[in-house]
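Undergrad: Chains as they are written, first to last, in the numbering used here: chain A, -1 to 73; chain B, -18 to 242.
Hints may be right or wrong, so weigh each one.
What the hints assert, rightly or not - If the Cβ cut is set under 8 Å, some of the chain A residues that face chain B in the computed set are:
id: 1; residue: Ser46
id: 2; residue: Leu48
id: 3; residue: Phe50
id: 4; residue: Ala53
id: 5; residue: Glu56
id: 6; residue: Ile60
id: 7; residue: Phe61
id: 8; residue: Val64
Hints in this document: simulated from the structure, not taken from any laboratory. Just so you know, even glycine gets a beta-carbon here, dropped at the ideal spot from N, CA and C.
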Amino acid sequence: MEADAAKMIGAGIACLGMGGAGIGVGMIFSNYLAGALRNPAAAASQFSNLIFGFAVTEALGIFSLVIAFLLLYAV
Amino acid sequence: MADAAKPIEPIHQFQISDIFHIGTFGGDGTAGSGVSIAFTNSALFMALTVGAVGLFLIWGSARRAIVPGRMQLMVEMTYEFIANMVRSTSGQAGMRFFPLVAALFMFVLFANLLGMFPYFFTVTSQLIITVLLALIVFFTVIIYGFYKNGPKFLKIFAPSGIPWYAIWLVTPIEVISFLSRPVSHSLRLWGNMLAGHIVLKVFGGMVVAMLGAGAWGLASVLPLGMAVALTGLEFLVAALQAYVFAVLTCVYLNDALHPGH
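Please build the complete structure, drawing on both the sequences and the hints.
TA: As structure tokens, then:
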């Protein structure tokens, strides 16, 4: 297999990791929304926790994106 | 894009170019050796960012009216926003670090927003900049943590309430998680800004490619609409990532202020 083709395939496979981060971010926001609708009074106080969880989860997706970019442009 | 003469490079916008060259130090005279010192477009936009933040804050707080005008109100709301973030995340003791958090937040926010102008350079899409910002926070946490708590700072690696036989498992995980903080802290901001701007350029490239493809030119409104929608999303991401960066700074500082969970 040509090295360039392998690079492209590898970048594509690395992007699969973003799917997992997408599921995780979706779960965080859906659970926040469910909790906020049950107890709207407590929703505002948990907003920074929401953003913290979102950021930590999203970082994993960013990692796989970085691997894809590295394969495409830096290897 | 098969018949496009030259593929549109979405990564070209992150090219660093010299505006004026100061000098090359060291090296043996061949091209690419030695340390090249130059005023680059990256440096220019960092200076513009700091200038914009300074202008915003000084202009807004110059009059110090009892009944604030629009600019003063915006500056006061910014102050209150950051102060509430620091107090709610790291407590009243965290207000000692308000200048650091505010400087980081304003720099990242203005750098992200300035990058949204067409043909402007996005400072935070350079990994070296975000790594530097993250390392400032990382070493502030370590140095202040040991300065304030002494050896007790090491308690952040051994959460309370863990049975003695599990501590050997938990402590290495906590150490790895602590050491990977600057990595994730910097990569998150960098990756978000880089990916967002690349996606914008990719959709822009699709518009150009479809316009040059005869009858398909009419369909180029689809990627154009997508690019407009994504620009709106990018403004959200620009503000959200500045907030995330500042909140994580507060969370990490909280460990230095109150170790041992």
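Undergrad: Hint validation: glutamate 56 of chain A versus chain B, beta carbon distance must be below 8 Å. Holds or violated?
TA: 7 Å, holds
Undergrad: Is the hint on alanine 53 of chain A kept, meaning its closest Cβ partner in chain B is under 8 Å away?
TA: Status holds, d = 4 Å.
Undergrad: Given leucine 48 of chain A as an interface hint, is its Cβ closer than 8 Å to any Cβ of chain B?
TA: At 10 Å from the nearest chain B Cβ, leucine 48 of chain A fails the 8 Å test, so the hint is violated.
Undergrad: Going by Cβ atoms only, is phenylalanine 61 of chain A closer than 8 Å to chain B?
TA: Hint on phenylalanine 61 of chain A: holds, closest Cβ of chain B at ~7 Å, below 8 Å.
Undergrad: Do the numbers back the hint for isoleucine 60 of chain A, that is, is its least Cβ distance to chain B under 8 Å?
TA: 4 Å, holds
Undergrad: Would the hint on valine 64 of chain A be counted as holding, given a Cβ-Cβ threshold of 8 Å to chain B?
TA: Nearest chain B Cβ about 6 Å off; hint holds.
Undergrad: Under the criterion of a CB-CB separation shorter than 8 Å, is serine 46 of chain A in contact with chain B as hinted?
TA: 6 Å, holds
Undergrad: Have a go at the phenylalanine 50 of chain A hint: is there a Cβ in chain B nearer than 8 Å to its own Cβ?
TA: 6 Å, holds
When the structure is compared with the earlier hints, a violation turns up for hint 2 alone.
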